[in-house]
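Novice: Each chain, written out:
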Amino acid sequence: MKLITAIIREVQLDKVHEALIEADIKRITVSRVSGHGQQRVEELHRGQIVVPDLIPKIKIEIAVNDAFVEITVNAILKAARTNGAEGTVGDGKIFISPLEECIRIRTGERGGTAI
Amino acid sequence: MLPLLLLAGMKEALALGPVSCDTGVTAWMLTSTALVLLMIPGLAMFYGGLVRSKNVLGTVMHSFAAMGIISVLWVAVGYAMCFGPNVAGGWFGWDSAYFFLKGIDTRVMEAGIPEYVFSMFQGKFAIITPALIAGAFAERVSFKAYCLFIALWSLFVYNPLCHWVWASDGFLFNLGARGAIDFAGGTVVHISAGVSGLVVALFLGSRRGYPYQVIRPNNLVITMLGAGLLWVGWFGFNAGSSISSGLSTAQALVATQVAAAAGAMTWLIIESYHQGKATALGFASGILAGLVAVTPAAGVVQPYGAMALGILASCVCYLAIQLKNKMGYDDSLDAFGIHGVGGIAGALLLTFFIRPSWMKEASEAAGGMWTTLQQLGVQALAVGIAIAYSAAMTLLLVFLLNKVIPLRSSGEDEMAGLDRTYHGERGYGMLNPS
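Protein chains in written order, with my numbering: chain A, 1303 to 1417; chain B, 7 to 440.
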């Protein structure tokens, strides 16, 4: 089991969400986060251009069985890139980490079947 | 409708010499003007809270943009088109003295108020009407196209309708014994906005994912505050429409309060039985349904009639929204379901609750007999004309406008949200550390 954590652009959320559903990955957790990467965003505030330090992003967390890791990653890669297939600085990152255990609260089931 | 009797009298008064300002009436009309203006940020909040967070500013801006665009248009030509004498066969009015309001600098109307006050009071109605339409096609319209649309809609739909219903030589004003009853804008404001909204919503098609994807309001607290502001502002809208500060003002004020309360209460009861829970949004919808229905009626119904109108309006609007959900078209924030349907219900049903003294005067004006059914016929005709004209004209406008600037946001823009796409801002940016 793996925990896939993707940090993506806010605007790409709908696209990524739809791509995941299309790939039959339907159990996800989404949260608003802000952070610091390579990207510089210029925002207009009352006509003045400012560069905020921390940029708002969306974090998607998905726990999957090993067989689904590539499917999930590909769906995110495809949908989270901007500027066609080129990609732009700021499109985000995907982290994959081992997942020790997964427990379904309702039944107490453990492991791969609980995902 | 009362104001225009006074306007008609104004010309004669001018011949007799200057009328002096009645400070009492002027003070109330100034207050009313401010109250109606307050409804527009109220509407911005009401609609703004109902959309997703990525569209909150874009939706709020639909109301605010109307404040800018329509105010300017109104001073330039709107007032002249609405309240000038008939031109183009009565299609709209025109009086060059009203062009940029240049001829009314020192004019005091027979009602005892400076004409500036009346023109600004009416201008607020012109602002809120196109802003109401925006609820039907929220979350999927290009800002530039929206701005052009409301400007054109105001010129070609609102101004003619306003002229027909409220100008002393408007043909709906003179229909039947005492005219079609539209005290504060049931036909002009609510039916026209609701029907036009429906037309544009159908023309644009549904939002992405509707109705399969759940689209949740981003902040119902804002929506409730907006509904509250609308209720407060409606006292200016209805009680101000008496263009006086006296008995008829008080009658309209009471009718407004009673109908709003009855509507809200009814919606709560219906929802509790039908869905098992009384929602805050339902309460707000009931307030609006009651207020919309009493808008044409506030001058002619007594409290029991206003209460009946509020109750009936909530029932009818609730059914209309259930029907919308069944049919699956995307009137996003129920501009048609509440304003269109509520306006039609109010304009027709008010006939059964008209105070006896009004009917007596109508009978005298008709030279003997004037029955409820006859008045119902007049009301139905006015409603029918308003529906047909606003639907046809709106369809023509959006069809032509769409050739020049696509009204519908592109799929990408819609996904990214109106705030980012058209305004480059975020409504709730400060909620995250940034």
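Bear in mind the hints are in silico, worked out from the structure with no lab data behind them. No residue lacks a Cβ here, since even glycine has one placed at the ideal position from N, Cα and C. A portion of the hints provided could be inaccurate.
[What the hints assert, rightly or not] Some chain A residues close to chain B (C-beta under 10 Å, calculated; not the full set): (1) 1309; (2) 1313; (3) 1320; (4) 1358; (5) 1368; (6) 1371; (7) 1409; (8) 1412.
[Said to hold, decoys possible] Label pairs and their in silico Cβ distance ranges: (9) 1391/A <-> 219/B: 50 to 58 Å; (10) 209/B <-> 1320/A: 46 to 54 Å; (11) 402/B <-> 1346/A: 44 to 52 Å; (12) 1395/A <-> 398/B: 50 to 58 Å; (13) 285/B <-> 1328/A: 25 to 33 Å; (14) 1371/A <-> 416/B: 55 to 63 Å.
[Unchecked claim] From chain B, some residues computed to sit far from chain A (all C-beta separations above 10 Å): (15) 26; (16) 32; (17) 47; (18) 100; (19) 225; (20) 254; (21) 354; (22) 405; (23) 421.
Novice: Each hint needs a verdict: does it hold in this structure or not?
Specialist: Evaluated hints:
Proximity of residue 1309/A to chain B is violated relative to the hint, the smallest CB-CB distance being about 13 Å (cut-off 10 Å). Evaluation of the residue 1313/A hint against chain B yields a held restraint, the C-beta minimum of about 4 Å falling below 10 Å. Interface hint status for residue 1320/A: upheld, as the beta-carbon distance to the closest one in chain B is roughly 8 Å, under 10 Å. At a threshold of 10 Å, the smallest CB-CB gap from residue 1358/A to chain B is about 5 Å, leaving the interface hint in force.
Annotation: residue 1368/A was flagged as interfacial toward chain B, and the flag is violated, the nearest CB pair being 30 Å apart, outside 10 Å. Because the closest C-beta pair between residue 1371/A and chain B is about 26 Å apart, greater than 10 Å, the hint is violated. Interface restraint check: residue 1409/A against chain B, minimum CB-CB distance 26 Å, threshold 10 Å, status violated. Violation of the interface hint for residue 1412/A is found here, the shortest Cβ-Cβ separation to chain B being roughly 31 Å, above the 10 Å cut-off.
Here the CB-CB span from residue 1391/A to residue 219/B is close to 30 Å, at odds with the stated 50 to 58 Å. The given range of 46 to 54 Å is broken by residue 209/B and residue 1320/A, whose C-beta atoms sit roughly 25 Å from each other. A C-beta distance of roughly 36 Å is found between residue 402/B and residue 1346/A, which places it outside the suggested range of 44 to 52 Å. Evaluation of the 50 to 58 Å hint for residue 1395/A and residue 398/B yields a pass: the beta carbon distance comes to about 54 Å.
Distance hint check for residue 285/B and residue 1328/A: the Cβ-Cβ separation is about 28 Å, which falls inside the suggested range of 25 to 33 Å. Taken as a hint, the range 55 to 63 Å is violated for the pair residue 1371/A and residue 416/B, whose Cβ atoms sit roughly 33 Å apart. For residue 26/B, the non-interface assignment is confirmed: its Cβ lies about 45 Å from the closest Cβ of chain A, beyond the 10 Å cut-off. A cut-off of 10 Å between C-beta atoms confirms that residue 32/B is not in contact with chain A; the least separation is 37 Å.
Consistency note on residue 47/B: stated as away from chain A, and its beta-carbon is indeed over 10 Å from all of that chain's, at 19 Å minimum. Every C-beta of chain A lies more than 10 Å from that of residue 100/B, the closest at about 39 Å, which supports listing it as non-interface. At the 10 Å boundary, the C-beta of residue 225/B stays outside the reach of chain A, the nearest C-beta of that chain being 15 Å off. Non-interface call for residue 254/B relative to chain A: holds, since the shortest CB-CB distance, roughly 45 Å, exceeds 10 Å.
For residue 354/B, the condition that its CB be more than 10 Å from all CB atoms of chain A holds, with the nearest at approximately 42 Å. Every Cβ of chain A is farther than 10 Å from the Cβ of residue 405/B; the closest lies at roughly 29 Å, confirming the non-interface assignment. The claim that residue 421/B lies off the interface is violated: its Cβ sits roughly 4 Å from the closest Cβ of chain A, which falls inside the 10 Å cut-off.
Checked against the numbered hints listed earlier, the structure breaks hints 1, 5, 6, 7, 8, 9, 10, 11, 14, 23; every other hint is satisfied.
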